[in-house]
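*Asks:* Please construct the entire structure, taking both the sequences and the accompanying hints into account.
There are 2 protein chains.
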Amino acid sequence: MEKRCFGVDIGGTTVKMGLFTVDGKVTDKWEIPTRKEENGKYILEDIAKSVKERMQRDTLTLEDIAGLGIGVPGPVKEDGTVLKCANLGWGVFNVADTVRELTGIENVKVGNDANVAALGEMWQGGGKGYNNLVMVTLGTGVGGGVILGGKILTGSNGAGGEIGHIRVNYEEKDVCGCGKTGCLEQYASATGVVRLAKKALEKKEKKTTLVADDLSAKAVFGAAKAGDELAMDIVEKFGFYLGMALAHISQVIDPEVFVIGGGVARAGQIIIDEVSKNYEENVMFALKNKAFKMAELGNDAGIYGSARMVLD
Amino acid sequence: MEKRCFGVDIGGTTVKMGLFTVDGKVTDKWEIPTRKEENGKYILEDIAKSVKERMQRDTLTLEDIAGLGIGVPGPVKEDGTVLKCANLGWGVFNVADTVRELTGIENVKVGNDANVAALGEMWQGGGKGYNNLVMVTLGTGVGGGVILGGKILTGSNGAGGEIGHIRVNYEEKDVCGCGKTGCLEQYASATGVVRLAKKALEKKEKKTTLVADDLSAKAVFGAAKAGDELAMDIVEKFGFYLGMALAHISQVIDPEVFVIGGGVARAGQIIIDEVSKNYEENVMFALKNKAFKMAELGNDAGIYGSARMVLD
Numbered sequence: 001m002e003k004r005c006f007g008v009d010i011g012g013t014t015v016k017m018g019l020f021t022v023d024g025k026v027t028d029k030w031e032i033p034t035r036k037e038e039n040g041k042y043i044l045e046d047i048a049k050s051v052k053e054r055m056q057r058d059t060l061t062l063e064d065i066a067g068l069g070i071g072v073p074g075p076v077k078e079d080g081t082v083l084k085c086a087n088l089g090w091g092v093f094n095v096a097d098t099v100r101e102l103t104g105i106e107n108v109k110v111g112n113d114a115n116v117a118a119l120g121e122m123w124q125g126g127g128k129g130y131n132n133l134v135m136v137t138l139g140t141g142v143g144g145g146v147i148l149g150g151k152i153l154t155g156s157n158g159a160g161g162e163i164g165h166i167r168v169n170y171e172e173k174d175v176c177g178c179g180k181t182g183c184l185e186q187y188a189s190a191t192g193v194v195r196l197a198k199k200a201l202e203k204k205e206k207k208t209t210l211v212a213d214d215l216s217a218k219a220v221f222g223a224a225k226a227g228d229e230l231a232m233d234i235v236e237k238f239g240f241y242l243g244m245a246l247a248h249i250s251q252v253i254d255p256e257v258f259v260i261g262g263g264v265a266r267a268g269q270i271i272i273d274e275v276s277k278n279y280e281e282n283v284m285f286a287l288k289n290k291a292f293k294m295a296e297l298g299n300d301a302g303i304y305g306s307a308r309m310v311l312d
Numbered sequence: 001m002e003k004r005c006f007g008v009d010i011g012g013t014t015v016k017m018g019l020f021t022v023d024g025k026v027t028d029k030w031e032i033p034t035r036k037e038e039n040g041k042y043i044l045e046d047i048a049k050s051v052k053e054r055m056q057r058d059t060l061t062l063e064d065i066a067g068l069g070i071g072v073p074g075p076v077k078e079d080g081t082v083l084k085c086a087n088l089g090w091g092v093f094n095v096a097d098t099v100r101e102l103t104g105i106e107n108v109k110v111g112n113d114a115n116v117a118a119l120g121e122m123w124q125g126g127g128k129g130y131n132n133l134v135m136v137t138l139g140t141g142v143g144g145g146v147i148l149g150g151k152i153l154t155g156s157n158g159a160g161g162e163i164g165h166i167r168v169n170y171e172e173k174d175v176c177g178c179g180k181t182g183c184l185e186q187y188a189s190a191t192g193v194v195r196l197a198k199k200a201l202e203k204k205e206k207k208t209t210l211v212a213d214d215l216s217a218k219a220v221f222g223a224a225k226a227g228d229e230l231a232m233d234i235v236e237k238f239g240f241y242l243g244m245a246l247a248h249i250s251q252v253i254d255p256e257v258f259v260i261g262g263g264v265a266r267a268g269q270i271i272i273d274e275v276s277k278n279y280e281e282n283v284m285f286a287l288k289n290k291a292f293k294m295a296e297l298g299n300d301a302g303i304y305g306s307a308r309m310v311l312d
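Taken in sequence, the protein lines are chains A and B. With this note's numbering, letter number 135 in the first sequence gets 135, and the count goes up by one each step, no holes. With this note's numbering, letter number 138 in the second sequence gets 138, and the count goes up by one each step, no holes.
Source of the hints: derived by calculation from the structure; they are not laboratory data. The structure displayed is predicted, hence computed values, not measured ones. Check each hint, because a few of them may be wrong.
[Claimed, not checked] With a cut-off of at most 30 Å between alpha-carbon atoms, the simulated DSS-like pairs for lysine-lysine come out as follows:
#1 B:LYS49 - A:LYS288
#2 B:LYS84 - A:LYS151
#3 B:LYS77 - A:LYS288
#4 A:LYS180 - B:LYS29
#5 B:LYS277 - A:LYS277
#6 A:LYS288 - B:LYS206
*Replies:* Take a look at the structure:
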């Protein structure tokens with residue numbers, strides 16, 4: 001029988017789980033709640049229980065399982081040690097060892113959720129066919145994942161691909177969640193786009209269809225597409241800082257492709273157009289003409305990538 | 001007999017060559033001129049001739065040679081294809097294949113000179129003991145090399161580690177050699193420091209011991225150490241932009257250590273102090289407290305790194 005692998009993506013509210021064939025087909029997908037009480041001590045037990053139930057139901061033995069991969073919301077070292085997952089209440093411990101013990105599955109890999117999503121997009125999403133890619137997730141914050149030679153770049157402190165906190169504007173006065181000012185996240189996340197819109201509305205310099213008490217990244221991009229000048233200014237800023245950050249990244253690692261995902265990216269082609277234009281203007285000759293792709297797996301990127309981690 | 005390897009570093013004027021033991025001791029070092037006539041067609045022939053002579057002199061056979069590594073001034077792909085070495089007159093061809101044919105040595109590796117120098121510093125220089133490092137060479141330009149997991153990050157176009165052209169100042173009016181404005185190289189190279197000094201002298205806003213027709217990076221750092229205010233302003237700009245660029249790099253790849261070399265770095269501790277201060281101010285929490293080291297191999301970093309390339 002062809003082997004299977006589990007992909008698990010631990011979020012703040014639910015744990016997404018998937019059972020995959022080793023060639024990348026998902027045969028089953030489900031979710032369980034993330035029990036955060038008592039510093040999240042039940043989370044891994046719940047996952048192990050759910051994995052065992054699924055194996056029993058599908059009459060799978062340990063020999064049928066190629067491995068189990070887990071994405072977690074925080075920095076993770078190569079060996080599976082988490083440094084701090086504030087969202088889950090976790091401190092420092094080795095997630096891989098714990099899950100091995102709880103499930104009996106030997107091949108357990110653990111990665112940061114943004115990095116794992118990047119690997120998922122490489123395997124079966126917008127980055128399929130590439131080995132060296134950077135994924136940017138434009139959600140509430142800006143997440144990033146770097147894949148080199150088909151493998152996640154973890155970084156020496158598990159903080160590789162933390163591109164949301166590249167400082168792209170030295171003049172910014174507002175403080176980012178990280179404590180610095182001028183981070184990419186302040187311009188390119190959903191929250192960041194709304195922040196820019198609020199500021200622009202306060203200035204009242206341009207007529208606009210945007211309304212202060214009903215702002216969203218979707219509304220801003222929608223208005224920009226319809227020719228709203230104030231919204232177009234915001235989209236221009238968004239594109240400038242995101243394109244600049246991707247240019248910085250390229251100067252360091254020279255990837256093949258950028259894959260852009262997250263809620264903000266649902267605005268569509270306007271995102272790729274703005275970002276690639278600004279990228280080209282700010283990168284040196286040898287790095288021009290990179291591919292820019294839309295992410296394709298949505299919220300499933302994490303389970304795909306987690307499963308893919310165990311197949312090296 | 002213990003095997004040996006050759007390390008070759010092709011520069012615009014001379015080719016540096018070294019014979020190494022596989023544990024990193026150089027047993028012989030020499031140079032030959034870089035013959036650039038007829039689009040550099042004699043360069044590799046001269047190298048092969050010199051290698052064969054050295055083997056004959058030391059009664060080494062092909063069985064005694066673990067390999068031959070070459071650093072070249074330009075982008076190189078993983079397979080040894082150079083894309084353009086303007087300094088040598090070279091177009092696109094596979095250097096590794098050519099050298100294999102000319103020398104009979106099977107294990108030939110080719111890398112970009114800045115990347116190769118970084119590998120040399122990791123092997124036997126300021127980065128010894130580390131596996132994930134970024135080397136910054138502050139010379140006429142600003143070169144960079146990224147080592148991850150003990151291996152050179154080449155990049156998909158051979159342009160990995162081109163950190164001298166990270167755009168750190170969006171307000172700059174002067175044009176960089178690459179055609180963009182505001183590249184790191186315009187502030188952190190020897191040429192860049194002199195450029196900043198000239199501009200500062202023209203403004204005549206501060207008294208200074210610096211003299212317009214006798215400017216050098218060395219003079220600027222010397223004056224700054226002696227308390228010259230105008231020179232201190234320049235050093236501050238240098239540190240701000242270099243520290244910022246290293247912060248950007250860290251947000252992408254989270255290395256263990258930065259190794260700083262090149263002529264400008266001879267100014268000593270003041271460089272590390274300025275750069276690390278600005279780095280810490282511009283990087284997110286998880287990436288603070290990186291090691292900053294001085295390069296130790298000087299102009300020999302290239303031959304060390306070239307030799308090291310063949311030992312994987």
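*Asks:* Are there hints from earlier that the structure breaks, and if so, what are their numbers?
*Replies:* 1, 4, 5 and 6
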